[in-house]
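*Asks:* Make a model of the complete structure from these sequences and hints.
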Amino acid sequence: MHLTVTNSPFNEEQTEKINQILPTLTTEQKIWFSGYLTANQQAGIKENVDAPSQEVAEYLLNTNSPSKTREITILFGSETGNAQSLAESLETRLKEKEFTVKLSSLENFKPKDLKKVEDLFIISATHGEGDPPENAVSFHEFLHSRKAPKLTDLRFSVLSLGDASYEFFCQTGKDFDKRLEELGGERIAERIDCDLDFDEPAEEWMGNVLLKLTNSSNNDSTVSIPEIDAPDSEASPVYSRTNPYMAEILENLNLNGRGSNKETRHIELSLEDFNIPFEPGDCLGVYPKNDTALVDMVIEKLGWSPDETVSVNTQGKTLSIREAFTTHFEITRLTKPLLTKAADIFRNQALTTMVENEALLKTYLEGRDLLDLISDFPPQDLVPDSLVKILRKITAREYSISSSYKANPEEVHLTVGAVRYQTHGRNRSGVCSVQFAERLEPGDTVPVYLHHNPNFNFPFDGETPVIMVGPGTGVAPFRSYLEEKEELEVGGKTWLFFGEQHFTTDFLYQTEWQKWLKEGILSRMDLAFSRDTGEKIYVQQRILENSKDFYQWLKDGASLFVCGDEKKMAKDVHEAIIAVLEKEGNMSRDESEIYLNQMKKDKRYQRDVY
Amino acid sequence: MTEDKSSTLIEKLDEMERIKIESNYLRGTITEELENQITGSISKDDTKLLKFHGSYQQDDRDIRDERRRQKLEPAYSFMIRVRVPGGTSTPEQWLAMDDISNEYANGTLKLTTRQAFQFHGILKRNLKQSMKNINDSLMDSLAACGDVNRNVMCNPNPYQSEVHHEVNELAGEISNHLSPKTGAYHEIWLDEEKIVDTHNDEEEVEPIYGKTYLPRKFKIGIAVPPSNDIDVYSQDLGFIAIIEDEKLTGFNITIGGGMGMTHGDTATYPQLGRTIGFCSKDRVKEVAEKIVTIQRDFGNRTERKNARFKYTVDAKGVNWIKNELNGRLGWELEENRPFKFENNGDRYGWTKGNGKWHFTLFIQNGRVKDTEDYKLKTALREIAEIHTGDFRLTPNQNLIIANITDHKKKQISGIISKYGVTEGESYSGLRRNSMACVAFPTCGLAMAESERYLPTLINKIEEILDEAGLNEEEIVIRMSGCPNGCSRPALAEIAFIGKGPEKYNMYLGGGFAGNRLNKLYKENIGEKEILNSLRPIILKYGRERMDGEHFGDFVIRAGIIEEVHSGQDFHS
Numbered sequence: 000m001h002l003t004v005t006n007s008p009f010n011e012e013q014t015e016k017i018n019q020i021l022p023t024l025t026t027e028q029k030i031w032f033s034g035y036l037t038a039n040q041q042a043g044i045k046e047n048v049d050a051p052s053q054e055v056a057e058y059l060l061n062t063n064s065p066s067k068t069r070e071i072t073i074l075f076g077s078e079t080g081n082a083q084s085l086a087e088s089l090e091t092r093l094k095e096k097e098f099t100v101k102l103s104s105l106e107n108f109k110p111k112d113l114k115k116v117e118d119l120f121i122i123s124a125t126h127g128e129g130d131p132p133e134n135a136v137s138f139h140e141f142l143h144s145r146k147a148p149k150l151t152d153l154r155f156s157v158l159s160l161g162d163a164s165y166e167f168f169c170q171t172g173k174d175f176d177k178r179l180e181e182l183g184g185e186r187i188a189e190r191i192d193c194d195l196d197f198d199e200p201a202e203e204w205m206g207n208v209l210l211k212l213t214n215s216s217n218n219d220s221t222v223s224i225p226e227i228d229a230p231d232s233e234a235s236p237v238y239s240r241t242n243p244y245m246a247e248i249l250e251n252l253n254l255n256g257r258g259s260n261k262e263t264r265h266i267e268l269s270l271e272d273f274n275i276p277f278e279p280g281d282c283l284g285v286y287p288k289n290d291t292a293l294v295d296m297v298i299e300k301l302g303w304s305p306d307e308t309v310s311v312n313t314q315g316k317t318l319s320i321r322e323a324f325t326t327h328f329e330i331t332r333l334t335k336p337l338l339t340k341a342a343d344i345f346r347n348q349a350l351t352t353m354v355e356n357e358a359l360l361k362t363y364l365e366g367r368d369l370l371d372l373i374s375d376f377p378p379q380d381l382v383p384d385s386l387v388k389i390l391r392k393i394t395a396r397e398y399s400i401s402s403s404y405k406a407n408p409e410e411v412h413l414t415v416g417a418v419r420y421q422t423h424g425r426n427r428s429g430v431c432s433v434q435f436a437e438r439l440e441p442g443d444t445v446p447v448y449l450h451h452n453p454n455f456n457f458p459f460d461g462e463t464p465v466i467m468v469g470p471g472t473g474v475a476p477f478r479s480y481l482e483e484k485e486e487l488e489v490g491g492k493t494w495l496f497f498g499e500q501h502f503t504t505d506f507l508y509q510t511e512w513q514k515w516l517k518e519g520i521l522s523r524m525d526l527a528f529s530r531d532t533g534e535k536i537y538v539q540q541r542i543l544e545n546s547k548d549f550y551q552w553l554k555d556g557a558s559l560f561v562c563g564d565e566k567k568m569a570k571d572v573h574e575a576i577i578a579v580l581e582k583e584g585n586m587s588r589d590e591s592e593i594y595l596n597q598m599k600k601d602k603r604y605q606r607d608v609y
Numbered sequence: 000m001t002e003d004k005s006s007t008l009i010e011k012l013d014e015m016e017r018i019k020i021e022s023n024y025l026r027g028t029i030t031e032e033l034e035n036q037i038t039g040s041i042s043k044d045d046t047k048l049l050k051f052h053g054s055y056q057q058d059d060r061d062i063r064d065e066r067r068r069q070k071l072e073p074a075y076s077f078m079i080r081v082r083v084p085g086g087t088s089t090p091e092q093w094l095a096m097d098d099i100s101n102e103y104a105n106g107t108l109k110l111t112t113r114q115a116f117q118f119h120g121i122l123k124r125n126l127k128q129s130m131k132n133i134n135d136s137l138m139d140s141l142a143a144c145g146d147v148n149r150n151v152m153c154n155p156n157p158y159q160s161e162v163h164h165e166v167n168e169l170a171g172e173i174s175n176h177l178s179p180k181t182g183a184y185h186e187i188w189l190d191e192e193k194i195v196d197t198h199n200d201e202e203e204v205e206p207i208y209g210k211t212y213l214p215r216k217f218k219i220g221i222a223v224p225p226s227n228d229i230d231v232y233s234q235d236l237g238f239i240a241i242i243e244d245e246k247l248t249g250f251n252i253t254i255g256g257g258m259g260m261t262h263g264d265t266a267t268y269p270q271l272g273r274t275i276g277f278c279s280k281d282r283v284k285e286v287a288e289k290i291v292t293i294q295r296d297f298g299n300r301t302e303r304k305n306a307r308f309k310y311t312v313d314a315k316g317v318n319w320i321k322n323e324l325n326g327r328l329g330w331e332l333e334e335n336r337p338f339k340f341e342n343n344g345d346r347y348g349w350t351k352g353n354g355k356w357h358f359t360l361f362i363q364n365g366r367v368k369d370t371e372d373y374k375l376k377t378a379l380r381e382i383a384e385i386h387t388g389d390f391r392l393t394p395n396q397n398l399i400i401a402n403i404t405d406h407k408k409k410q411i412s413g414i415i416s417k418y419g420v421t422e423g424e425s426y427s428g429l430r431r432n433s434m435a436c437v438a439f440p441t442c443g444l445a446m447a448e449s450e451r452y453l454p455t456l457i458n459k460i461e462e463i464l465d466e467a468g469l470n471e472e473e474i475v476i477r478m479s480g481c482p483n484g485c486s487r488p489a490l491a492e493i494a495f496i497g498k499g500p501e502k503y504n505m506y507l508g509g510g511f512a513g514n515r516l517n518k519l520y521k522e523n524i525g526e527k528e529i530l531n532s533l534r535p536i537i538l539k540y541g542r543e544r545m546d547g548e549h550f551g552d553f554v555i556r557a558g559i560i561e562e563v564h565s566g567q568d569f570h571s
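Top line first, the protein sequences correspond to chains A and G. Residues in the first sequence are numbered from 0 upward in steps of one, following numbering that gives the first Met the number 0. Residues in the second sequence are numbered from 0 upward in steps of one, following numbering that gives the first Met the number 0.
Bear in mind the hints are in silico, worked out from the structure with no lab data behind them. Bear in mind that the values here come from a model prediction, so they are computed numbers and not experimental data. Among the hints, a few may not be true.
With a cut-off of at most 30 Å between alpha-carbon atoms, the simulated BS3-like pairs for lysine-lysine come out as follows [stated by the list, open to error]:
1. K517(A) <-> K127(G)
2. K70(G) <-> K514(A)
3. K70(G) <-> K405(A)
4. K514(A) <-> K43(G)
5. K376(G) <-> K407(G)
6. K535(A) <-> K180(G)
7. K109(A) <-> K94(A)
8. K514(A) <-> K47(G)
9. K361(A) <-> K392(A)
10. K115(A) <-> K600(A)
11. K131(G) <-> K535(A)
12. K261(A) <-> K180(G)
13. K246(G) <-> K408(G)
14. K180(G) <-> K131(G)
15. K127(G) <-> K261(A)
16. K70(G) <-> K492(A)
17. K280(G) <-> K355(G)
18. K409(G) <-> K374(G)
19. K547(A) <-> K600(A)
20. K535(A) <-> K127(G)
21. K211(A) <-> K261(A)
22. K101(A) <-> K177(A)
23. K405(A) <-> K599(A)
24. K94(A) <-> K111(A)
25. K599(A) <-> K115(A)
26. K316(A) <-> K361(A)
27. K261(A) <-> K368(G)
28. K47(G) <-> K517(A)
29. K127(G) <-> K547(A)
30. K567(A) <-> K70(G)
31. K376(G) <-> K566(A)
*Replies:* Here you go:
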């Protein structure tokens, strides 16, 4: 049978290729192929009715070009594990297409091997103020150094992950992209910079990459790679970031006693039928809803009807404005791209002028939200559909899990500090934390997903001593770890440093540490309460005070974990550890740094800071 | 005695005896426990030893359950009781107490029913510094609690100046003589070097007490008739001053009084002290010491509920004790001398004696604090800043600003009127004679509210008194949150002892002068029933009382309640 556009669902190109292949197949091959397609069709049809035919085409394309001689290297620089999971996903897809793929973190990739690499794909997050994530630092340094080799035979593409609310958005990805080109590499797919809501752009980039690779191994193809949701072969749904699980709230209480300046919520969520195990150190993503009071103010200010509908995605899904602002879009943060785009549609001269001034723009973004924007720069003739097109999707907040799966497989606990502050004459609150604090009760549900954090892994060998530094909500993963140790009855010394403002009201999970101390699951605990005495004491002081023991623990092979505030705490703790090494280990500053770097490489110094 | 035998013996003894024996003269592991950062508490054994140092571990019971759910330990804090023999302190000491209350405690001062200062809400990390500051003010808390002789009470009436002065001195001497001699207090709180080594002879370390101290607390008080303000019959050992030709000659001695009992245990009961004879004033210390050693040797050390001296006296018999005492003294007590008690309350307002002025002010339940509309604490601080006399804590939790010179009287009057400090004149006779212990939220023993509730209850009883035309009538009313009876409820004309939340046992018929125990009238009742029960009785009293007849006497004469002659009949 000769296929044509009219007697088949395929387009001209597809029919051409199928007609080329079909006559060459043996009967056996045809039977196998038919079964393969049927099976795939059943799996994929749920999600995407267009998929089967495209898959056929793709498959045919691939089978038509079996010669994939160039080796592919995927490198990731991950802060929270997102880059790693995307890299793994790309690896899986490429392997399915029988490419030769090597996957590695930037940290574990030997720079001297770079000149041998043929096709390179880098997926990298950006850290803080445009710096590379910890596990990408040395590669980044190498690549930008004089030692970097000429890469004239290299083909590459970069996917960068970031957060548009930071000034140096996706900087590390941009750096890699630019530098690889400078070194002579050929960019085979444009870099894509992903904001917090990275799923769609990352998918687009992978599509482009796959397309280029297959095209280059089959010169005349223009078939695009479809979006494919992983077909599920099992009965129970697979929950993920894009398919979150609706978790019921079992418990929601304030851990801070009366009279505290702080409010830290202890949240227990049901994971009945969730069926995904997690490890101490892993995070739970929670999709929050905006405060309807703020939503209503925004809508009122815009003079719109809250019931008017807007389309919220490219698939044409519509919601009322009120619903869209509540559940779908981010309205509590401003970003540079948002303001630039707003300037195009607001028809407000003052805004247009401001976005041209980088410094003014940067200052303005700080601590302001959508309500400020439309109040300070009232738009003219702005229609809802135009506004929502420029808004970011509301992003999930990820919290370090504070319970053990093995101890409570049907539950997950979070330790959430309620964020409240005043700026620009208005009280502001953290979308997710204050939703827990004020708007969610036991019985309510929240969409959640599990986020494995490969960079915060605790030892369970029963021997490695563990030092944990976790002031404030940073103590969450350590509760998870000790609970798991207790459940597994695993030995090994543990030492926890905890700090907060006041002993009486802010000693989070106090009775649990007391119990674990008594039972020996926690060997030692040192505390720093900053507002109980005239002089402010923080965890780093406790580390310094106990430098001798601290150093002895490190010498005994202790793994060191730091979780919590990055800017103030983690930095000072790092300095304190350096000081301990200098003092007790008679090391120079450089030697201390080298020692700590080695500990990082050995996964003995891990941080989860925010 | 072999090791085995002694350990078997210890097993039979009350747990507290073991703790004392192992404590190395009250040291225990208090120092180590104070340094433990993980908890605001100290170990259970140490809490018991801490009492000997004048401090109780407590927690805010209002939020105990809330905190448990928050995964926080109870809001532990410490009470410190400052020993003030005879209740006399200087203005400088008053200011020091005021400072400590603001800096480390909950901002209030409690004047106790035993003439001591009490701080509440001191956190563990501030305990040592508070103790130091107390000592810097030349006071201390040693033996303010615990199985030892407690603060020696004494009538503080300065208008009987000569006699009072002498009596007050004696209270101080007895107190010092019976203080524990262990160096533990000074080592733990004042960083003094350990002086006495543990190897030293028991008699050298604690010549009176020995290493197990007393079986239970021991209370001594000195009354100066006609006032029985110190409730001499409630004391383990009481001295009643005998004044002949306006001179103090000596004391009648009472033994075996006490308030505490346990609900539902009729083997425990409040008891009145019995008078066993007279001794001259120069032999008071000797008598006190020998009585204490009798209790040390014969008190019950296996059952703490029956360990107070009153049970020893009742078990052995008054005469046996008297003979034992005479034997230990090597001389015999004289016959009782005559005296007369008229009341056990305070005389409020201005009085003059010995050429000086004295102002007794009413302090509701002994709580010195500032409220929105009554800045009592500030007023007293201002007075202390200019006062040249002294401050005297009365056994009814009131305060006498004593020995005010003519010169200062105007200034002090000015402060008194500026802050509206009251001598209680505008209050009913019932309120002026009211007393409540602390109870909730800090006291670990409380079963029901006391200090926080009695004022409200009195408001409601006053409505009945108004109706009966008895607003000015002095009636002694007392409330305790538990049957240990810190407010000496068993001697009140109307008394309430906490049974459970908002539930009380109501007692009637105590003697106005603290000379007769009351009796249970209704058990386990709430406010409504309290008022419904009292109403007909008070109205009847208003109509039928005889001239000068006190309420406590009336309820007996009217057959409303049976008279109690001895503590052993209390439950019958």
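*Asks:* Any of the earlier hints contradicted here, and which numbers?
*Replies:* Of the numbered hints given earlier, those the structure breaks are 6, 12, 21, 26, 31, listed in rising order.
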